[in-house]
Each structure stands twice: as structure tokens, then as C-alpha cells.
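Participant: Sequence:
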Amino acid sequence: MTEYTVTFVGTGEEITVSEKETILSRCIEEGIAQEYSCRVGMCLACSAEIIEGSVTQPAARGLTDRERENYALTCMARPQSDLKLDRGKYPPSIEADVDLEDGDATPADD
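The UniProt record's numbering applies: residue 1 is where the sequence shown begins, and numbers increase by one.
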């Protein structure tokens, strides 16, 4: 079984995750405070930006195909290489939804 190092930028926390387990499950086992809610790839609470490396996450239904290239849902993502992740970073589609909920009729320009 292949294992990879997952480093969280900003905190310097580091865990070892096998290719057969999700990043979130290992965070929970290691006592790392990773936000989550649904655990089925829909709510995006566990979103992280992929700074370096790659994951597989075929069941990450909350992300578009394009977003899957740059963001990981840690509840679904399994590493395919060593990774650097920035937790709490949400894909552009979420940022646009937030602005629309605040009454702004246009998506975010970020």
C-alpha cells in the first residue's frame, strides 16, 4: 500500500495518508481539526485548495470538473502523490453563490 505525505499550508501540520483512505478520515484519526459536514462530497465544508500534488476524487459531486483540478473535498479525496493543501479555501462557484445569497445579483469577481 502506497502512502503519501499531506502537508497543510499555514499550519505546517503533516499527516501520512494511504492511497486507499480519504484525507478527512486520516485527519480525524490524527486529531487534526478539518471542517466537514456531509461526508459524501456535496456540502463543500471540507474543501481545500490543492497547492501541490494530485488526488483522485470521483465522488466529489459538489465540484465541477474544472474545480476538481484545483480543489479537493477531503471527505472524498485520496492522495495520488505527496500533497500541499490550503484548508478552508472554496472554489469560485461557492464564492459566487455566497455573493448571490447576500443580495448581490452578480457573481464574485475574485
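Keep in mind that the hints were calculated from the coordinates and are not lab data. There's no promise every hint is true.
Unchecked claim - Pairwise CB distance ranges, derived in the manner of DEER restraints:
#1 59 / 88: 13 to 23 Å
#2 65 / 31: 18 to 28 Å
#3 9 / 94: 32 to 42 Å
#4 93 / 1: 28 to 38 Å
#5 29 / 86: 30 to 40 Å
#6 28 / 61: 20 to 30 Å
#7 5 / 88: 17 to 27 Å
#8 54 / 25: 25 to 35 Å
#9 30 / 51: 26 to 36 Å
#10 94 / 59: 29 to 39 Å
#11 1 / 92: 28 to 38 Å
#12 86 / 43: 30 to 40 Å
#13 70 / 5: 12 to 22 Å
#14 10 / 81: 13 to 23 Å
What you are looking at is a predicted structure, and each value in this text was computed from that prediction instead of being measured. For glycine and all other residues, C-beta sits at the position ideal for the given N, C-alpha and C.
Participant: Each hint should be assessed against the structure and marked as holding or not.
Facilitator: A quick look at each hint next to the structure:
no.	hint	in the structure
1	59 / 88: 13 to 23 Å	holds (21 Å)
2	65 / 31: 18 to 28 Å	violated (33 Å)
3	9 / 94: 32 to 42 Å	violated (19 Å)
4	93 / 1: 28 to 38 Å	holds (34 Å)
5	29 / 86: 30 to 40 Å	violated (21 Å)
6	28 / 61: 20 to 30 Å	holds (21 Å)
7	5 / 88: 17 to 27 Å	holds (20 Å)
8	54 / 25: 25 to 35 Å	violated (19 Å)
9	30 / 51: 26 to 36 Å	violated (20 Å)
10	94 / 59: 29 to 39 Å	violated (18 Å)
11	1 / 92: 28 to 38 Å	holds (35 Å)
12	86 / 43: 30 to 40 Å	violated (19 Å)
13	70 / 5: 12 to 22 Å	holds (20 Å)
14	10 / 81: 13 to 23 Å	holds (20 Å)
In this structure, the earlier hints numbered 2, 3, 5, 8, 9, 10, 12 are contradicted, and the remaining ones agree with it.
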